[in-house]
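Chains as they are written, first to last, in the working numbering: chain A, 15 to 267; chain B, 93 to 394.
Note that these hints are calculated values from the structure, not bench results. Some hints here could point you the wrong way.
[Unchecked claim] To give an idea of the chain A side of the interface with chain B (calculated C-beta under 10 Å), a few residues: (1) Met-163; (2) Asn-167; (3) Ala-170; (4) Lys-174; (5) Leu-257.
[What the hints assert, rightly or not] Lysine to aspartate or glutamate pairs mimicking EDC-like chemistry, simulated, CA-CA at most 16 Å apart: (6) A:Lys-260 x B:Glu-226; (7) A:Lys-159 x B:Glu-215; (8) B:Lys-162 x B:Glu-130; (9) B:Lys-160 x B:Asp-198.
Note that beta-carbon positions come from the ideal geometry of N, C-alpha and C, so glycine has one too.
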Amino acid sequence: MKKFARRTLFYSLLIGIWFLLAKLKIWPPYVFPDPKGVVENMWAGFADHSFWIAIGVSMKRMLEGYAISVVLGMILGFGVASSKFLEETMGGLLVSLQSLPSICWLPLAVLWFGLTEKAILFVVVMGSLLSVTIAMEDGRKQMPKIFGMAGRNLGARGFKLFWYVLLPASLPYIVSGLKQGWAFAWRSLISGEMIFVSLGLGQLLMMGRDLNDMSQVIAVMILIIGIGYIVDGLVFKTIERRLQHKWGLALGT
Amino acid sequence: MTTAPQPFSGNHRSALRAGVSRFKPGVAATVLPMPLHETPKVSLCDISLSYKTESGERLLALDRIDLKVKPGEFLCIVGPSGCGKSTLLHLIAGLHQPTSGHVLVDNNLVAKPGTDRILIFQELGLFPWLKVGENVEFGMKMKGISKAERNERVDYYLHLVHLAQFRNSYTHQLSGGMRQRVALARALATEPDVLLMDEPFAALDAQTRDLLHDELERIWAETGRTIIFVTHNVREAVRLGDRVALFSFRPGRIKEDFQIDLPRPRHLEDVTVAKTAAEILSSLREEINKSLEEQYGHEKVR
Chain A
15 MKKFARRTLF YSLLIGIWFL LAKLKIWPPY VFPDPKGVVE NMWAGFADHS
65 FWIAIGVSMK RMLEGYAISV VLGMILGFGV ASSKFLEETM GGLLVSLQSL
115 PSICWLPLAV LWFGLTEKAI LFVVVMGSLL SVTIAMEDGR KQMPKIFGMA
165 GRNLGARGFK LFWYVLLPAS LPYIVSGLKQ GWAFAWRSLI SGEMIFVSLG
215 LGQLLMMGRD LNDMSQVIAV MILIIGIGYI VDGLVFKTIE RRLQHKWGLA
265 LGT
Chain B
93 MTTAPQPFSG NHRSALRAGV SRFKPGVAAT VLPMPLHETP KVSLCDISLS
143 YKTESGERLL ALDRIDLKVK PGEFLCIVGP SGCGKSTLLH LIAGLHQPTS
193 GHVLVDNNLV AKPGTDRILI FQELGLFPWL KVGENVEFGM KMKGISKAER
243 NERVDYYLHL VHLAQFRNSY THQLSGGMRQ RVALARALAT EPDVLLMDEP
293 FAALDAQTRD LLHDELERIW AETGRTIIFV THNVREAVRL GDRVALFSFR
343 PGRIKEDFQI DLPRPRHLED VTVAKTAAEI LSSLREEINK SLEEQYGHEK
393 VR
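Start from the sequences and build out the full structure, keeping to the hints where you can.
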């Protein structure tokens with residue numbers, strides 16, 4: 015409860031300072047809006063459904079792009095982890111490519127796919143694929159070898175071995191990587207959506223800029239933070255808690 | 093004691109061992125005549141294994157091992173740590189291949205893992221993401237056995253190891269001895285002909301271990317499996333085995349082969365067990381000293 019009180023105090027203070035700064039009118043309101051304007055804008059956005067539509071469209075892209083990343087990343091990561099040849103050749107490339115900000119893929123995406131859904135999807139996939147791949151590779155390597163041996167011993171091989179043993183066995187080790195991949199995908203998506211009239215959250219942000227409506231920009235920013243927080247706090251925390259319950263506190267025994 | 097349901101398949105060779113049926117009269121039915129030249133269940137023919145160490149030199153782990161195990165036999169392998177006895181089990185399980193020589197099971201060459209031989213690892217390797225029942229079910233699921241039969245067999249084998257009420261627990265919620273029994277049930281559920289056990293009771297407290305010895309002996313008598321049991325505890329080997337093979341320290345060779353004809357059921361504290369163990373131990377001690385000398389360089393250990 016003490017923690018909650020401290021937090022409430024901190025955020026009230028933050029909003030208070032913001033309110034005061036806006037009240038001082040150092041900058042015109044379209045450059046520095048006050049909290050009230052942002053709240054009103056948020057309210058209006060939800061009331062006329064434009065925010066809901068944007069969230070829906072963005073989430074759909076997110077799920078598609080993230081799903082592709084996870085599947086491809088799993089194949090690549092497990093491949094690199096289990097083959098010395100792949101590790102020596104592709105391993106280094108993956109690490110160096112990961113240092114590339116995902117927005118760098120944007121010009122390429124627009125050239126290849128035009129101003130289409132595919133271009134956004136491409137940016138999302140490129141933004142998260144590499145971090146997912148590296149997480150999968152690490153997870154696969156950290157996983158105790160005994161599980162694979164026990165699985166083979168009990169007659170699992172090929173795809174069955176992967177699906178029923180290697181994948182679940184490495185899950186505790188890859189879940190943080192999956193979370194990171196989600197965060198990267200989310201960032202890439204917003205930047206990808208800024209390039210054209212795409213109906214997503216990124217485009218709402220650009221629309222706010224075009225209309226000189228800073229309250230809308232800030233409202234959308236808060237929305238983006240909020241969704242990121244909810245996914246992290248609900249989805250991934252739940253997965254982690256479940257894993258902990260199943261495996262017990264001491265992972266790997 | 094509750095009457096256990098009939099096992100579902102597998103050859104029940106308990107009848108072949110007259111000595112065993114004495115303490116489990118419900119199981120042995122008719123006594124079959126022993127064939128004169130029975131094919132061994134497991135034959136190790138001239139097995140050698142060497143590998144490269146980190147420093148690049150080749151190390152000979154197993155040196156020309158010849159060993160035959162009869163169907164339904166309980167063979168214990170003892171030796172100092174590092175003599176390659178665990179490695180040998182991995183070879184029989186088909187998880188690794190020998191450098192030379194071959195492993196035969198029922199006169200068939202072992203080239204890959206198969207559910208006719210199940211290895212119980214020292215560290216068990218239970219799957220923590222599955223419940224106890226699902227762990228036991230796993231091998232059967234891989235074999236493609238129907239859900240209904242799987243269910244029935246999980247039930248049967250969990251009863252056999254006295255864990256029926258823990259079917260829906262996760263493995264981390266169980267004690268060491270219980271986990272050990274889950275591993276045993278999981279291995280038995282695939283109905284292997286040969287059970288390979290790698291120091292399974294080494295990490296358990298004395299009471300639990302005694303209890304599991306009794307249970308293992310009982311289950312062996314009830315199911316008639318061939319068991320190859322690796323341990324560094326000679327007493328344990330004598331208490332359980334029909335035969336004890338003593339391994340030498342690096343490279344692993346069979347130094348001596350002891351037939352144990354003590355009546356069953358045996359107990360760890362039996363005088364006869366202790367006496368037989370003492371004989372084997374004096375032979376083993378030389379090997380242990382060799383291994384200690386290797387580990388601690390030229391310091392005198394004796």
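Checking each numbered hint in turn, tell me which of them this model violates, lowest number first.
none
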